[in-house]
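**Student:** Below, each chain spelled out in residue letters.
There are 2 protein chains.
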Amino acid sequence: MSKEYNKANPAKTVKVTFKESKPGEKEYQVTVPAGSTILQAAIAAGVHLQSACGGKGTCGKCRVILEEKDRRGTLPEESKYLNSEQIAKGTVLACKRTVESDLTVFLIEQKDAYDRKTELEAEHDYDLSPLIQKHVLQVDIPNTQDQRSDWERLTAKLPAIKKPFNFNRSIAAKLPQILRAASYQVTGVTAGNELLAVEPGDTRNSSYGLAIDIGTTTVVVYLLNLINGKIMARRALTNPQQGAGADVLSRISYVTENPAGLTQLQSQVIEALNQMIADICREKGINPEHIYHAVAVGNTTMSHLFLGIDPTYLAPAPFVPCFRQAVTVKAAELGLKILDNGLVTVLPLVAGYVGSDTVGVMLAGKVDELQGIHLLVDIGTNGEMVLVGKGRILTCSTAAGPAFEGAGIKFGMRAAEGAIERVRINKDVELEVIGQDKGKIRGICGSGLIDAVAQMYKAGIITAEGRMPNSLSNLAKLPPSLRRRVLNNNGYREFVLAWKEQSATGENITITQKDIRALQLAKGAVLAGIRILMKRLGVKIEDIDQIHLAGAFGNYINKESALTIGLLPQVSPSKIKSIGNAAGNGAQMALLSTVEMAKATFLAQKAEHIELSAEKDFQDEFLNALALEQNY
Amino acid sequence: MSKEYNKANPAKTVKVTFKESKPGEKEYQVTVPAGSTILQAAIAAGVHLQSACGGKGTCGKCRVILEEKDRRGTLPEESKYLNSEQIAKGTVLACKRTVESDLTVFLIEQKDAYDRKTELEAEHDYDLSPLIQKHVLQVDIPNTQDQRSDWERLTAKLPAIKKPFNFNRSIAAKLPQILRAASYQVTGVTAGNELLAVEPGDTRNSSYGLAIDIGTTTVVVYLLNLINGKIMARRALTNPQQGAGADVLSRISYVTENPAGLTQLQSQVIEALNQMIADICREKGINPEHIYHAVAVGNTTMSHLFLGIDPTYLAPAPFVPCFRQAVTVKAAELGLKILDNGLVTVLPLVAGYVGSDTVGVMLAGKVDELQGIHLLVDIGTNGEMVLVGKGRILTCSTAAGPAFEGAGIKFGMRAAEGAIERVRINKDVELEVIGQDKGKIRGICGSGLIDAVAQMYKAGIITAEGRMPNSLSNLAKLPPSLRRRVLNNNGYREFVLAWKEQSATGENITITQKDIRALQLAKGAVLAGIRILMKRLGVKIEDIDQIHLAGAFGNYINKESALTIGLLPQVSPSKIKSIGNAAGNGAQMALLSTVEMAKATFLAQKAEHIELSAEKDFQDEFLNALALEQNY
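Going down the list, the sequences are from chains B and H. 8 is the number of the first residue of the first sequence in my numbering; add one for each residue after it. 8 is the number of the first residue of the second sequence in my numbering; add one for each residue after it.
Honestly, I wouldn't trust all of these hints.
Pairs count within a copy or across copies, as identical chains cannot be separated in the list.
To be verified - DSS-like, lysine-lysine: derived pairs with alpha carbons at most 27 Å apart: (1) Lys19 - Lys507; (2) Lys181 - Lys164; (3) Lys484 - Lys613; (4) Lys237 - Lys291; (5) Lys181 - Lys344; (6) Lys542 - Lys19; (7) Lys417 - Lys521; (8) Lys181 - Lys337; (9) Lys613 - Lys164; (10) Lys76 - Lys566; (11) Lys63 - Lys164; (12) Lys613 - Lys397; (13) Lys397 - Lys584; (14) Lys26 - Lys103; (15) Lys373 - Lys484; (16) Lys507 - Lys373; (17) Lys397 - Lys26; (18) Lys103 - Lys19; (19) Lys33 - Lys344; (20) Lys19 - Lys373; (21) Lys397 - Lys87.
Calculated directly from the structure, the hints in this document are not laboratory data.
Bound conformation, chain B alone (with noise of 0.2 Å):
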């Protein structure tokens, strides 16, 4: 296209193709303006690029290659992410190459999050009582002598309790025809004084509810039946909002930049939600409109991006939140796909970076009930601490999560097929990868990191200051299998855990001084934090009765390492424990129980925020919990 049209068209639009690398797989097609880049096309086109920093060009993780016709040398970034054979292939970074005529790009494999040990819950030890009510009502026949209206005579024979019930546009809409098709027999079903519905017939039968775990990195929804309390099903997907950055700074300077950014965001993770709620329900054989409940938690990020709140003011300090009280709205008002009149939740939260989904842990967490010293741990994107004892609830947070997520980390990733999430070092280095095919490793995920670490630690590899020996004589002392590991790369050393034969990518796969350094500033920010508020509450290690490690990464982070590496205080191994999916579980149970939703409240309240940045000693707990070696 000539320069001349291009003047005479500002608005001019290129088409982007995504293709996937095997033959036979996915193509997407989008449209935009011409100048976007690659990412920005991808984002458009709903393709999910990694993206950990949200387009600055400071990851390298939204790689993507280039038809050999398209390609027009290297940019610095990309030589600073992306080595010769990577250049050589075509492969550039998404976020710093703009479209300015039709081009097709591929994908570079990979899957999406791998659902390690999916099994549902055990059964609760809370009450069954959802705020969701389903009365079978045998409402009056009209007549002249009883000339009152179909409201009056339906809300008439709803439990009293509740009255007046809220009027509702929508349900008196349809009520008289669904009345008299129904011969005044229906089922009424109510939230309090809301009526959310009124189906003919009796359906008690079928009452049913969302708990959503909207993490930064990975949203997951479960299907309960809000009759016996029993999970029918859980669905995840990676968060499409990952194109807009991995952590949640990036996602509100996305939100902050971009005009549209927010409602791009919100619609996002509503559409994975939509989408995984239609295949639950084409599954289970479920009508959407039978759903009339979701309760969700979050970061408090996730939470307002979640109802399309903007967040900005999140980011800088003092990180005032919009709202923390748990907050009620209609499905239909955010678009999500079940009952219109059904009600979304979202738990309350504590502060900008204690969110609901702190919330969610604090009550599967049963903190009202424990007894002596607890501490609970959640470790995601971001790290979330909470301090239980002497009649208080202290909380803090830190910036803990893209080490421990594998964003910062060169070959780090998701707990996702290919990741390495085991490290053993005897005569050699020995690995468990997710999935089956262990000749194709891709790269290491959070608690693959800490083990290697922590073992590289103890094989002499790295010293108590996390530094990798650049002297030979160092490395000497090394057995050869392990010291042939030790690379020197420009000057930097980095220790080969899977050698380029058993990669997917083709390099080997290492763990770089860089790369200890980011997983020492991550979990020294986590143990300050903690030591804080054991300062603040008077506790010494000593009086810990019990570390409970909430989180998909508390799952499965091997205890003895996270103490080696000096992430957690140094109690004994047994009094650490794993409390599954933690914050997914408090949703559930405010789903289910009036009385628990009620006690998110009370506990959100209770709570009190350390605002770690405002804390003067903090600076000094930090530089004293870096080193791996931790003695108290």
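Since the structure of chain B is provided, determine the placement of chain H on it from the hints.
**Tutor:** Same frame as chain B, but now just chain H:
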């Protein structure tokens, strides 16, 4: 287009063009499925044809003119309602003609309802205490010691009595930006414990509301300043639902018979309102988002249609409404173009045919303060009667309207330009016609009809039983100027009010025997209803202290004529008082005063509804009330 093509395309569409008769006037074009009637096309095009029967072919009102090339003989229904001159001009009934190929149709000139005497009402004598309140708030600026959410810091500054404020997602969505852009000084708009808006700075001077009177025939909107209670503007439009019939029963059956009918009629009335609101806001320089509350009244059917609620079961006995309580919904839910979060309240109603308009009349009539015995009569398309006294409020209704508003009357029409509104018969007939140009008489409106029949009776042209003499001996008693006006039309008598030379349509404007019968049926029903109420309350004519006539009709009716034809109990004319557009005034009062709003619910609940169709003595009273001459 060939038959072949037609077969292959069952979904063939045709283009219908509606042209106003005057050159240079508007054209309307619409594409509809082949086989649609011209009336359906007109409704789809937003062209308002008169249609009293809702397309059943039984009123003869929906006249249009075809081009010469499109004329194809005359249908039996057309012969019944059209004279030979009209037929020769190409006049057809739009409801009886289907469109099979592209067609141009000429509209018969008829201006919109003429707004006879629009003066803005006088000062009110009730407290100004609107539901809508504005509060200037100096919100605390956050810091690390005060990490409360924006919602908390905002609502903490709102008056304490209303807490907790319901969470509003759409306000929260923008709250962080608004607070900071306004340096934390904002105006909160509240309605009880609902927060409707948060506006930057101090906007207390700009607060507006609407009072809406949804008549079956005319929709009226008043803009009120909520700061001082003043009426700033008034607009009226013909209710565009007219296309589905002139009376409520036609509209109900239209909804019952057409799957999309409810949505269609609702959006028609909302569209008319939005047009007037936009007009007013433009003229007054008001931001529609500063209109926070609309209070609407209408008969029960209009109230249901306005809210998009199925009115089907208002038609058959026992005439059960879907709701009777005051109902408040968000403006956005109805599509009303004021602040999206603004509230729309429909005042409570009493029964299937005693609507919120009657409750508005009770408010405006200050029914709770009246001493003695008072009768309130609101005659619109329907007639509602309220008898107040002895600590009780009795109500009833009759389908009075059609004759009074021109339907079912040969030359009946709305009180619009060209309508005869006053008739005196001395030696000859003297007329007063709405609008300046008396040469263009188009028909007769309700007050003119009552005058005409009263004067014809007084002049001896009709008997006390309402019969026009068909023997020459009776006619002989009339002066020649009147005698020549009594024509014999195929054996049926007609009395000429205006000769064809004066008439816009080129035909004599007459009162027929059938017209007189229609009026007798209508007024007989009203009078019988009043007498049933009087019996039930145990009062006699001499007990009545005052008769309050509400509505536009009450403004223009000649009291003596109303007494002459026996429409009202035979009280002294001095006891009859017009109370103006009382329904609309009641809506204004409820908008401006929460006391009046609460009173509306009190009055609606206190009112005892007498269902005339279920009263054994109604039939007798009705037969007694038919004669013009009434002695009690």
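**Student:** Hint by hint, note whether the structure agrees.
**Tutor:** Hints, verified against the model:
1. Lys19 - Lys507: neither (44 Å within a copy, 66 Å between copies)
2. Lys181 - Lys164: within (18 Å within a copy, 41 Å between copies)
3. Lys484 - Lys613: neither (54 Å within a copy, 98 Å between copies)
4. Lys237 - Lys291: Within. Shortest intra-copy distance 13 Å satisfies the 27 Å Cα cut-off; inter-copy 60 Å does not.
5. Lys181 - Lys344: Result: close both inside a copy and across copies, 20 Å intra and 24 Å inter.
6. Lys542 - Lys19: neither (61 Å within a copy, 80 Å between copies)
7. Lys417 - Lys521: within (8 Å within a copy, 95 Å between copies)
8. Lys181 - Lys337: Answer is both; intra-copy 18 Å and inter-copy 18 Å each pass.
9. Lys613 - Lys164: between (39 Å within a copy, 22 Å between copies)
10. Lys76 - Lys566: For Lys76 and Lys566, neither the intra-copy (51 Å) nor the inter-copy (93 Å) Cα distance is at most 27 Å.
11. Lys63 - Lys164: neither (60 Å within a copy, 40 Å between copies)
12. Lys613 - Lys397: within (13 Å within a copy, 59 Å between copies)
13. Lys397 - Lys584: Classified as within: same-chain Cα gap 21 Å, cross-chain 77 Å, threshold 27 Å.
14. Lys26 - Lys103: Cα proximity of Lys26 and Lys103: one copy only (19 Å, versus 59 Å across).
15. Lys373 - Lys484: Neither, since 49 Å and 102 Å both go past 27 Å.
16. Lys507 - Lys373: neither (47 Å within a copy, 91 Å between copies)
17. Lys397 - Lys26: So Lys397 and Lys26 fail the 27 Å test inside a copy (58 Å) and across (84 Å) alike.
18. Lys103 - Lys19: within (20 Å within a copy, 52 Å between copies)
19. Lys33 - Lys344: Answer is within; shortest intra-copy Cα gap is 26 Å, inter-copy 44 Å.
20. Lys19 - Lys373: neither (58 Å within a copy, 67 Å between copies)
21. Lys397 - Lys87: neither (51 Å within a copy, 93 Å between copies)
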